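*Asks:* Based on the sequences and whatever the hints tell you, model everything.
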Amino acid sequence: MLELDGVTAAYDTTPILRDVDLSVEDGEIVGVMGKNGVGKTTLLKTVMGLLEPSEGSISYDGTDVTHASADERARAGIGYIPQGRDVFPKLTVEQNIKMGETIRSESDETLYDQIYDYFPVLEERASQEAGTLSGGQQQMLAIGRALVSNPDLLLLDEPSEGIQPSIVDQISQDMQTINDDLGTTILFVEQNLGVIREMADRCYAMERGTVVDELGPSTIADEDAIAEYLAV
Amino acid sequence: MVNGINLALQFLDSFAFIVLAAAGLAIIFGIMGVINLAHGEFILIGAYTATLAVTQLGLPLVVAMVVGGLVTGLFGILTERVIISGAWPNYISQRTLGRDVIDPLYDRLADSMVATFGLSLILTQGARIRFGNSIDQIATPFGAISYGAFSYSTYRIVLAGVSIGLLLATYYLFTRTDFGMRARATIQDKETAQAMGVNTDRMYMLTFGIGSALAGLTGALFAPVISMQPTLGDQFLVEAFVAVVVGGPSVVLGTALSGGVLGAILATFSNLYGTFIGRIALLVAALIALRFLPDGITGFIEQLRQRRQESD
Amino acid sequence: SAGEGGTSTDTASSTDTLKIGVLEDQSGNFALVGDPKAKASMLAIEEINANGGIDGMQIETFQRDPQSDNQRYQELTRTAINEESVDALWAGYSSATREAIRPIIDRNEQLYFYTTQYEGGVCDEFTFAVGPTARQQLGIVLPYLVEEFGPDIYTIAADYNFGQLSADWVKVLANENDANVLGEEFIPLSESSFGSTINRIQEADPDFVMSMLVGANHTSFYEQKASAGLDVPIGTSTAMAQGYEHRRLDAPAMANIYAGVNYMEEVPTDSNTGDGGFVDRYFEMYPDAPYLNEEAETNYFSTYMYKKAVEQAGTTEQPEVVDALESGIELGTEEAPEAPDGETIRLDGATHHVDHHMWIMRADDEHNIEAVENRQIPETFLSETAGCNLPENPEQTQYTPVDYYEEAE
Amino acid sequence: MSRNSANGGANRSLPSRLRSRFEGPNTIGESRGFWVGFAVAVAVLVVYPVFGDGSQLSLFMVLALLGLSLSVVWGYSGVLSFGQVVFFGIGAYTFGVVSINYATPGGITAAVVAGIVGGGLSAAILGYFMFYGGVRDVYVTIITLVSTIVMHTFMAQTAGSEWAIGEAALGGFNGMPDIPLLTLGIEGASYQFIYNPFPMRVIGIGAFEISPFYYLVLLLLIGTYLGLRILVNSDYGRVMVAVREDEDRTEMFGYNVTRVKFVVFTLGGALAGLSGVLYAARNVYIDPTVFSLLFATLPVIWVSIGGRKSLLGAVVATLAVEYLRISMAGELALVLLGTLLLVTILVLPSGFVPWLHEQLVETRLGPGEAGGADAPDASSEVSD
Amino acid sequence: MSDTETESEVDSLGPNVRQTAAELATGDRTETLLQTDGLVKQFGGFTATDDVDFSVAEGELRCLIGPNGAGKSTLLNLITGSYEASDGSIYYNGHDITDLDPHERVSRGISMKFQVPSVYGDLSVRENVRLPVQQFADGEERRRLVAEAIEAAGLTGYEDVDAGQLSHGQQQQLEIGMAAALEPDLLLLDEPVAGLDVAEREAIAERITRLNEEQGIAFVVIEHDTDFVASIAEEVTVLHNGEVFREGPIEEIESDPEVQRIYLGGES
Ligand SMILES: Nc1ncnc2c1ncn2[C@@H]1O[C@H](COP(=O)(O)OP(=O)(O)OP(=O)(O)O)[C@@H](O)[C@H]1O
Ligand SMILES: Nc1ncnc2c1ncn2[C@@H]1O[C@H](COP(=O)(O)OP(=O)(O)OP(=O)(O)O)[C@@H](O)[C@H]1O
Ligand SMILES: NC(N)=O
Ligand SMILES: [Mg+2]
Ligand SMILES: [Mg+2]
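Chains as they are written, first to last, in the numbering used here: chain A, 1 to 232; chain B, 1 to 312; chain C, 1 to 409; chain D, 1 to 384; chain E, 1 to 268.
Because the hints were derived from the structure by calculation, they are not lab data.
Be aware that one or more of the hints could be misleading.
Claimed, not checked - Negatives, chain B to chain A, calculated, CB over 10 Å: (1) Ala87; (2) Arg95; (3) Thr96; (4) Asp111; (5) Phe142; (6) Val261; (7) Ala264; (8) Ile280.
Said to hold, decoys possible - With the Cβ distance kept under 10 Å, some of the chain A side facing chain B (calculated, not the full set): (9) Lys45; (10) Met48; (11) Gly49; (12) Ile78; (13) Gly79; (14) Tyr80; (15) Phe88; (16) Leu91; (17) Gln95; (18) Gly131; (19) Arg145; (20) Ala146.
Predicted, not measured: the structure shown is a model, and the values here were computed from it.
For each residue, glycine too, the CB sits at the ideal point set by N, CA and C.
*Replies:* As structure tokens, then:
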């Protein structure tokens, strides 16, 4: 479904990603891990089209999207939950969620129900300005917003950051449910070992801008092995 | 003597002037974070286009006014592509130098001011070179209504009506439609909006175009009643800036409210003490409003609402 | 391209060329009035040069656009005097501009012509204020309107020196003509909405209005009062003759307006509108020019006054030229088309002002202009009331009516 | 960039310790080369009146002080003020009113001080009104803009005889002429700076006259520039910059952000007042056009074009823009000027001087080695 | 402390906050440093903190946990003065500071790190650190303190890099370093390790513990990472729906079924 081949990307002139090869099969949940600053966020931005690769190619669903713009990719079915709290602060919670829908022609009530089911607070605060939500609530909103677009490929950048433990567990389960029920393919970045173990079918490890290793299910199950990639 | 009808009509007059002066600026400033010092020249473009469309092309006045707005809107889009976003120069430089030469001016208040100041010099002088120091003016339609010893231009009442209509339409567009939501989302976080499938380039372009078209329409609407010369836009600037900022964060609502408040002050003081005092009163009221409502009127209303809810 | 003619030195000026500085607004708030001024100066200079110059000297010019900006005026004035060493300077429309550069003029003892109709009272040894004064402008139109329409006057005027002093003169002249001023309002130069002003006029219900509005923004008054249905007669010293509102606005906005002026394009003298007259010559040189206004004629004739004075003095040395000017230069209708055939206008040496031939010009419903009345009106305020006598008592003062008339206070 | 390690902490030579007070990450020009260039520039300015139009340059230098006042307030403290011309104009009018009423050398000298105090005081009042009222960001900009317009509208109508302070008539739109010639000192020991050319004879060049006012202004400009360099590289300057970068954060370090803004704004007002005094003194005249929208916009233009985070930029751009404004002639002058401003701000958003500095540093060090224009080098530690 | 300070060289710009931290290291740890009394904060009709009585003793290290939206950040913002309380009072060192400006509270010894990192992005690391230090140190001493703070933040070698170019974790470290450089008595940290990798979490945990033990700085730390909380905290306060829900030693809290239900989830 997604294939990166020798991708190199840079902010201005400083190269951040170097020669990244990576692939995600249809229906898979793939994790990306690595220490701070190795380029995980940059990788997801490049996949989303917010950063143009200077070398290499990206193909999605069999078509080459290396030079497609972000909004084109979004319309092609890639959804993105940015790291941090990139909600639209001056739009209401409801409008933020509606933004997730812009790429679809009509809204799907059942998706809303599902999201409100996961995060009831979003329904309670529907008309509150998103910038005034608590940190964790904003993160929930970002997730909910991406889900209404019902993407084929969902990119998640540290979805558990700032979220209370009970909901973190719930999110990992929900993602799997979404993956099972809707067949959504997921590529996600995480620091939380628990989440990686819980969610990922497969996992890439990054170091200094490039993919250094691929971890299969058995390695992922091994807590110490993962810790090694994240810690050293 | 304070005559009730006089005062009411003058209030409508001031209200329309302030609201129409401010509307285009408010959108471009409030939504895009660009202070457009060429706002007056956008008004000029609208006024000249409408006037020339009547005198040269013989178009009916109403059509000419719409044309004035549209032409200015198109000019705004051109301005946005070339200067504000730098999209066209960057397209060329990408292919020749391999890099962008212009950073978009969104949310760069001072830089956008300098750039649009430069643009305003070019436009004013350009109009002067092309059309001379003035062009012939068109007559005011609709005649006058009179009451007692007083009479009043019907057209000014029409203007008040139009200004309210434009406000409502703009308010609806930016708060109630998907377009408005996307435009606001684009300005708040461009990358995330893109990731939501919004063509942000087009949003910037259209928003700027709509703001410009409103400025142009203002010029067209006032074309019959103001002197047609290249600096005609200047007379709108002060009221426009004051109204936008006194209005506060909710662009359209703010403009309407500040148009109301400032219009009432201007009308009352001009009526009682003459034009000079009216003007000073308007400005001093604006200073005081900004000092005591640093978030503008709509910011203040927001606070009031919160406080009321608290005490419930 | 500073100084096309090269920097002339003091010695060069007394040889085969002389240099005139012309600083008139061609952009900014006063461009409408300033542009014809610059053009008329050029017309006079070209005519003089074509006819052998002044005493055989060709006129060079230092011409710049001060853009209605007083700071620019000051710098250009310094440049004209110090770098370009002009022999005589024409500069400025508004009274404010004149006052901004007068310190520089006086300090450098520069011969200076101020050619705008103005409030009057400038008694300055180096300045020749050759436009008509308020007493002359209002002196012709106000008594006529009192006679025609009645004694009750309402004054609206630009809120700066010119307007305020002109309004004072309205009161003085009202008093002299047994009329009374019901009210007056001063309008900031930046104002262009006249709704409340119009209501106040209607409330006062005068027999006529005296309007001394100035600048492009104020032009809006006339269209606005017309569309509001206010049809009271209006006397003015500023409208039509300067900014040709009767040409720019759709009729009948200017109907029933009476301008007290020394000149406008429509002044029906032979030397003006006749074949090959002033108007023809002007539009031959500037076919695209929109109008030939009051100040343009003043620039034009004062250039010829200068020519006469230099010829009389036999030198361009400024003290001698000033002496010659103070001897009382007279011009006939050829050089001063405001004067009817056979009459003259005269520069009064004592006051550096001109005894003008004044006209009342009225616009009708179609904006056709007719001359209602005309006669010579001498400058009297400085010469008779204030006692300005520059050759005997050189000074650099501006006198105002409040110091001499109770009713002006 | 290795100077610090070369002459280490405490035992540095006197010149370098002296120099260090003027240097730091907040200003451009950290090298010996810069100071050599600076000395050359000063030398050129000293002899300039012999060759060029010193009178005009003196005006530009007066305005450069106004530019500097905005640079401190906006460029270093983040308060975008459209009101520098208010304090400039008040300084000028105060100077005029006081000197007309006390037209003796001592009186005129006092008028200079009064003008500076007037500028500072009016800024203090407006600053107190705004900053202690919680007004921030663009609202400050607009309040100052409106203040300018109020001053313009008001001063333009003070033509009547009732608008006089003592002997001095404010004069409305026509302005205030008859300002006495700038004279500093007291009776018996004073010097007149205006219209008092000083004859010089230099062997090899010949005889000429120089204007004492020019050198007075030059001295004040250099003094102000160096003084502000010390300020912005001091502890206080660091706090100013911190306020510009992030007010809330700075407050959280225990700094009274409101007071910092208030103090800097007042200082900027006094500096603008000084500029106004010199402006009125040079022109022997002042009128309300200094409060006009155009004039109010100019300082923002100078500082933006020169580089808002650069004192030198403010000075250089003021001189350059004003020179162009006065000397460009012809119908297309304004079109060209507009284009120039537009293109400069689009292509060099951080300003001309920082850009030039970057180019120079890069050519000296070779690409890759150079930091950004404001990138601190090791020597920044010496400014402690 | 600063109400009694008589030091003559107090910089006119800021506080003198140096002395007491060191004093405290040896002082009595049971004195109450901070006490809120019936603190209420309402946003519109919504009550974010509701009648909160919360206290921190001198030199204590207390964690603040609770569900998203419980009011934790709000409480810290009330303590620093970023938010104005709707009702209730805040006492610090026995003085009522409810109506003080934020900077005045800082000068009394309260320092805060925001939830979103906010270093001065365009200033170098050195300039960032110098800003708090220059308030009370000069010359050689200042140089030393700046260098120490940079070293403690693990940023040696990055002195001249613009802070905006640092990694997320480095910015967090720098920010803690800057807050600590004020040598406050009370340091408030809002999610200091969110988004950090395991190694950096450990580094920050170590840093906090050391500052607490060696310099006697009292801490209030908000964090959702329970392992992290367990590794630093002795005492924990749980907020829920704007109210204090539980308070006690970490082990007790972790095993509280109610806390598990509202916050920790299953058997985490
Ligand atoms: N806009 C930018 N401009 C320049 N450099 C950047 C930019 N954003 C990130 N970087 C740099 O790129 C590198 C990779 O950043 P990135 O955000 O991709 O890391 P990450 O792996 O997501 O880290 P984290 O776990 O902290 O989120 C870092 O060194 C960072 O400093
Ligand atoms: N300005 C505001 N207007 C309205 N509600 C607000 C505002 N600020 C905060 N809130 C609400 O107050 C509640 C408490 O927010 P707070 O940020 O204190 O939560 P928190 O405990 O820090 O949560 P998290 O762990 O998610 O960061 C939230 O429900 C939030 O939506
Ligand atoms: N002289 C004038 N009209 O100002
Ligand atoms: Mg990341
Ligand atoms: Mg929080």
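*Asks:* Enumerate the violated hints, using their earlier numbering and listing them in ascending order.
*Replies:* none
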